[in-house]
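**Student:** This is what each chain is made of:
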Amino acid sequence: MAYPQPHPRLSILSTSSQSSTDHFPPSSTRFSLPTPQSRSNASRPNIYDRNLNKTRIAEVSSAAFAFLFSELVQYTQKRVSGINDLERRLNTLGYRVGVRVLELMVWRAESSSKVPKREIRLLPTLMSIHTQVWKTVFGKPADAIEKSVENADEYMIIDNDPPLERHISVPRDMSQLSCSSFTAGIVEAVLDGLGFPARVTAHNTPTAQHPSRTTILIKLEKSVLDREELLK
Amino acid sequence: MAIYGLWVINKAGGLVYQRNFAEGLAQLSSNEYLVLAGTLHGIHAITSRLSPTGASSGAHVIEGETFKITILLTATGTKFVLLTSPAETSSEFILQRVYDAYADAVMKNPFHTLEMPIRSEGFDMRITTLIGTGQTS
Numbered sequence: 001m002a003y004p005q006p007h008p009r010l011s012i013l014s015t016s017s018q019s020s021t022d023h024f025p026p027s028s029t030r031f032s033l034p035t036p037q038s039r040s041n042a043s044r045p046n047i048y049d050r051n052l053n054k055t056r057i058a059e060v061s062s063a064a065f066a067f068l069f070s071e072l073v074q075y076t077q078k079r080v081s082g083i084n085d086l087e088r089r090l091n092t093l094g095y096r097v098g099v100r101v102l103e104l105m106v107w108r109a110e111s112s113s114k115v116p117k118r119e120i121r122l123l124p125t126l127m128s129i130h131t132q133v134w135k136t137v138f139g140k141p142a143d144a145i146e147k148s149v150e151n152a153d154e155y156m157i158i159d160n161d162p163p164l165e166r167h168i169s170v171p172r173d174m175s176q177l178s179c180s181s182f183t184a185g186i187v188e189a190v191l192d193g194l195g196f197p198a199r200v201t202a203h204n205t206p207t208a209q210h211p212s213r214t215t216i217l218i219k220l221e222k223s224v225l226d227r228e229e230l231l232k
Numbered sequence: 001m002a003i004y005g006l007w008v009i010n011k012a013g014g015l016v017y018q019r020n021f022a023e024g025l026a027q028l029s030s031n032e033y034l035v036l037a038g039t040l041h042g043i044h045a046i047t048s049r050l051s052p053t054g055a056s057s058g059a060h061v062i063e064g065e066t067f068k069i070t071i072l073l074t075a076t077g078t079k080f081v082l083l084t085s086p087a088e089t090s091s092e093f094i095l096q097r098v099y100d101a102y103a104d105a106v107m108k109n110p111f112h113t114l115e116m117p118i119r120s121e122g123f124d125m126r127i128t129t130l131i132g133t134g135q136t137s
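The listed protein sequences correspond, in order, to chains A and B.
Take full-length UniProt numbering: the last position of the first sequence gets the number 232, and nothing is skipped along the way.
Take full-length UniProt numbering: the last position of the second sequence gets the number 137, and nothing is skipped along the way.
None of these hints come from the bench; they were simulated from the model.
One or more of the hints may lead you astray.
[Unchecked claim] Label pairs and their computed distance ranges (CB to CB):
#	chain 1	residue 1	chain 2	residue 2	range
1	B	E23	A	R56	38 to 46 Å
2	B	Y33	A	D173	20 to 28 Å
3	A	R172	B	L114	14 to 22 Å
4	B	G38	A	D153	57 to 65 Å
5	B	Q96	A	R172	23 to 31 Å
6	A	Q74	B	G64	37 to 45 Å
7	B	K11	A	A208	37 to 45 Å
8	B	Y33	A	Q74	25 to 33 Å
9	A	N160	B	S85	35 to 43 Å
10	B	L34	A	N160	36 to 44 Å
11	A	W107	B	Q96	40 to 48 Å
12	B	N20	A	D161	24 to 32 Å
13	A	V97	B	L50	50 to 58 Å
[To be verified] Per the computed footprint, the stretches of chain B lying under chain A, defined by three or more beta-carbons under 8 Å from a beta-carbon of chain A, are:
#	segment
14	60 to 67
15	71 to 82
Using N, Cα and C, we set each Cβ at its ideal position, and we do this for glycine too.
Sequences are here, hints too, so could you generate the full structure?
**Tutor:** Dropping the structure here:
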């Protein structure tokens, strides 16, 4: 069976920012399919059959998540050479989460609405990432959203105390590393899914008051800005 | 009342964390600290088998005229040891809080290797705030 090739924009797998001109083979690592369950427990319904709204307000143990994320970073670290590679892998893993976050979020917000809509303008999209996505994933909105003064295509979402990094102390020799690359992957997937292709990276920007302050840098593709211009 | 020092000993008897807080302890080299920790590990193993009435969790407090050693043994075999003046009353409480900090800042940190010396800024920071408040109360 031949499926149409997905959009060749695989920014995180390429090192250049002009990823739309590169033609990398589509990566299967960005998406994963649920493995079929060999034996479903008769007493409990299959997790895929569960009502999606049931877990809307359910919360996950932050300790359990911290251990899971810690293992995830350790697993990734064993398979990479260098910090850039590690950040890219974390981004890829986040991307796979983000794809699902977007679908679930939109489904929950719009399925009950009589006039379902979707975001097509850039600023409302960024605002909804800052508030809705952050609330869905972390249980609190991000702390700030800024537009770069130097580059028109860059936006920044700032979290003063990312819950993801609360228990992580990065060793000195890896001080460049930001484990929020995972968050960047989530943001990238949400933007991608809404039709705003972008390169998203995470950077440590500590202040005296907030030592783990992190900036998620969004660099939009030119086509997005061109379209935004037309929509004005 | 004073807190002199904190040790963390892994389940094999190796010293993975050592920090002094107040003047009053003899100056020791890191090698001597390792030997002391290993000795305490051995003593603790002996005391845990001394009980005439079945299993025991070993020594909790070792007290001298000028010092007190309080030991917290966790379910996984890690020992937290607090060296204090004999009058210190909050040792157990502080050790529990150190255990909390250890669980959060060390065990959940992907850059920590099990049973290896603890080098985590987060843990250092938590201990600084903890022992700081421990002394004023």
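**Student:** Each hint: holds or not?
**Tutor:** Structure-based check of each hint:
For B/E23 paired with A/R56, a C-beta distance near 57 Å fails the hint of 38 to 46 Å. The hinted window of 20 to 28 Å between B/Y33 and A/D173 holds, with their beta carbons roughly 25 Å apart. Judged by the Cβ atoms, the range 14 to 22 Å given for A/R172 and B/L114 holds: they are separated by roughly 20 Å. Range check, B/G38 to A/D153: Cβ separation about 60 Å, and the 57 to 65 Å hint holds.
Take B/Q96 and A/R172: their Cβ atoms lie about 30 Å apart, and the range 23 to 31 Å holds. Judged by the Cβ atoms, the range 37 to 45 Å given for A/Q74 and B/G64 holds: they are separated by roughly 42 Å. The beta-carbon spacing between B/K11 and A/A208, approximately 39 Å, falls within the hinted interval of 37 to 45 Å. The supplied range of 25 to 33 Å is met by B/Y33 and A/Q74, whose beta-carbon atoms lie about 29 Å from each other.
Roughly 40 Å separates the CB atoms of A/N160 and B/S85, a value that falls within the hinted 35 to 43 Å. For the pair B/L34 and A/N160, the beta carbons lie near 40 Å from each other, so the given range of 36 to 44 Å is met. Here the CB-CB span from A/W107 to B/Q96 is close to 44 Å, well matched to the stated 40 to 48 Å. The beta-carbon spacing between B/N20 and A/D161, approximately 30 Å, falls within the hinted interval of 24 to 32 Å.
Look at A/V97 against B/L50: about 53 Å separates their beta carbons, and that is inside 50 to 58 Å. Here the segment 60 to 67 of chain B counts 0 residues with a CB under 8 Å from a CB of chain A, which misses the bar of 3, and the coverage is violated. Counting residues of the segment 71 to 82 of chain B whose C-beta sits closer than 8 Å to any C-beta of chain A gives 0, which falls short of three, so the coverage hint is violated.
Violated hints, in rising order: 1, 14 and 15; the structure is consistent with all others.
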